[in-house]
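In the UniProt record's numbering, the protein residues as written are 1 to 352.
Honestly, I wouldn't trust all of these hints.
[What the hints assert, rightly or not] Dumping the calculated DSS-like pairs for lysine-lysine here, alpha-carbon to alpha-carbon at most 27 Å:
| hint | residue 1 | residue 2 |
| --- | --- | --- |
| 1 | Lys95 | Lys124 |
| 2 | Lys230 | Lys124 |
| 3 | Lys202 | Lys67 |
| 4 | Lys230 | Lys333 |
| 5 | Lys248 | Lys202 |
| 6 | Lys49 | Lys183 |
| 7 | Lys177 | Lys143 |
| 8 | Lys248 | Lys124 |
| 9 | Lys67 | Lys95 |
[What the hints assert, rightly or not] Computed beta-carbon distance windows for the label pairs:
| hint | residue 1 | residue 2 | range |
| --- | --- | --- | --- |
| 10 | Glu348 | Arg304 | 19 to 27 Å |
| 11 | Ala237 | Gly75 | 22 to 30 Å |
| 12 | Lys95 | Thr28 | 42 to 50 Å |
| 13 | Glu251 | Lys333 | 33 to 41 Å |
| 14 | Ala237 | Gly188 | 24 to 32 Å |
| 15 | Lys95 | Ser351 | 21 to 29 Å |
| 16 | Asn68 | Ile172 | 36 to 44 Å |
| 17 | Ser57 | Glu348 | 15 to 23 Å |
| 18 | Pro116 | Ala305 | 22 to 30 Å |
| 19 | Gly187 | Ser303 | 43 to 51 Å |
| 20 | Ser254 | Ala52 | 43 to 51 Å |
| 21 | Gly207 | Asp271 | 28 to 36 Å |
| 22 | Glu287 | Pro64 | 23 to 31 Å |
Hints listed in this document are in silico derivations from the structure and should not be mistaken for laboratory results. Note that beta-carbon positions come from the ideal geometry of N, C-alpha and C, so glycine has one too.
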Amino acid sequence: MLFARLLAFVMAAALAVPGFVCASPLPTVRTAWLAEHEAFAAWYAHERKWDAENGISLELVLFPTGKNLVDNMRGAGCVIGGCGGAAAVFGLLDKRIYVIGVGSDETAANAVYVRPDSPLLALKGENPSYPELYGSAAAMQGKTVLAPVGTSAHQLLYFWLERLGTSDAEAIVIDTKPEEALKAFMGGMGDAVALWAPDTYKAESLGLKRVATGRDCGITQPILLIADRKAADADPAAVTAFMKAYLKAVEAISALPKEELAPLYQRFMRDFAGQEVSVEVARADLEHHRFLSGDEQRAIFRSRAEGGLLQAWIEDVVRFHEATGALSRRQSKALEGVPLATSRFLDEAASH
């Protein structure tokens, strides 16, 4: 009884002190990610409590693929996510999501590989507009390529073949997950294989030769930050708070010394994705992906007339999906101009 009275007295006295506020848990903002570079900034923002600094607590939820993420983020209660454009356009088509930012540039992380004895390696610069590409239209006739269909790696394959003057229809594309594709290719299956990181690093360690990247093909393959429309419209302040924390983490990561960055990335992959990666893989992933500052992202979101690039990047994805039959002409037309891409949250994050 004495303890209860003493506790009541202490609480009453505390509440009488000006400025005393009982701590209450911060609202949780669930976010959806793949086990990839773009999630690093969200993880680091939470690690450094920059989410709490902006009045929220970030929760990171892991998804296996971009398509799975876009299809299921609302059901999982996720407000924000990050995925490639190849998956995001279907959320835009259904008007389920906004594109609110760019998580990272993964153009250098996707590549097409061949074996060291491939005749394609003797054919470089057949298209003078793309002098770093290997291969030719004639050399790819009837050739088999392993690729995860409908993904950014497949998009790269599509543009590589187009730049060579041919198409998916002239080659044989076998739908294969990257980790399975690499194993099958090393076992003798196929003439080429389209991969993304970290399987690209494994391919190079096994002696495979790169014949095309997005940069070689003149395309950019961004990871997009997306927000569930319904959730973002209901609580836009939470999305702005996320953006402020995320961009602060991007700035901090970009300023870290290289010798600190790789071990930190290893810890991120272990803590978030449950993956042990070598310091070499960590360094390669950091080298082949690039975060964009808030200023860079706002410039990308400008209109095409003002020099903005986002619309063209997403239109490349739409063209790829239409050419490979995943989108109809009517659906592609509906995505023209990317009406649900908005810099609103980037702008608000910058103004606070």
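Does the Cβ-Cβ separation between Pro116 and Ala305 fall within 22 to 30 Å?
violated, 47 Å
Tell me if the straight-line CA distance from Lys230 to Lys124 falls inside 27 Å.
violated, 49 Å
Is 19 to 27 Å right for how far apart the beta carbons of Glu348 and Arg304 are?
holds, 23 Å
Pairwise hint evaluation, Lys124 against Lys95, where the allowed Cα distance is 27 Å at most:
violated, 42 Å
Supplied distance hint 42 to 50 Å, evaluated on CB atoms of Lys95 and Thr28
The hinted range 42 to 50 Å is violated for Lys95 and Thr28, with Cβ atoms some 26 Å apart.
Verdict for Asn68, Ile172 (Cβ pair) under range 36 to 44 Å:
With a Cβ separation near 26 Å, Asn68 and Ile172 fall outside 36 to 44 Å, so the hint is violated.
Quick check: does the Cβ-Cβ distance between Gly187 and Ser303 fall within 43 to 51 Å?
For Ser303 against Gly187, whose Cβ atoms are near 49 Å apart, the range 43 to 51 Å holds.
Is the hinted range of 23 to 31 Å satisfied by the C-beta distance from Glu287 to Pro64?
holds, 25 Å
Holds or violated: are the alpha carbons of Lys67 and Lys95 at most 27 Å from each other?
Cα-Cα ~15 Å, so holds.
Between Gly207 and Asp271, does the beta-carbon spacing fit 28 to 36 Å?
holds, 32 Å
For the pair supplied as a hint, Lys248 and Lys124, confirm whether the alpha-carbon distance does not exceed 27 Å.
Violated: Lys248 and Lys124 sit about 42 Å apart, past 27 Å.
Taken at face value, is the distance from the CA of Lys143 to the CA of Lys177 at most 27 Å?
Holds, at roughly 19 Å.
Checked against the numbered hints listed earlier, the structure breaks hints 1, 2, 5, 6, 8, 12, 14, 16, 18 and 20; every other hint is satisfied.
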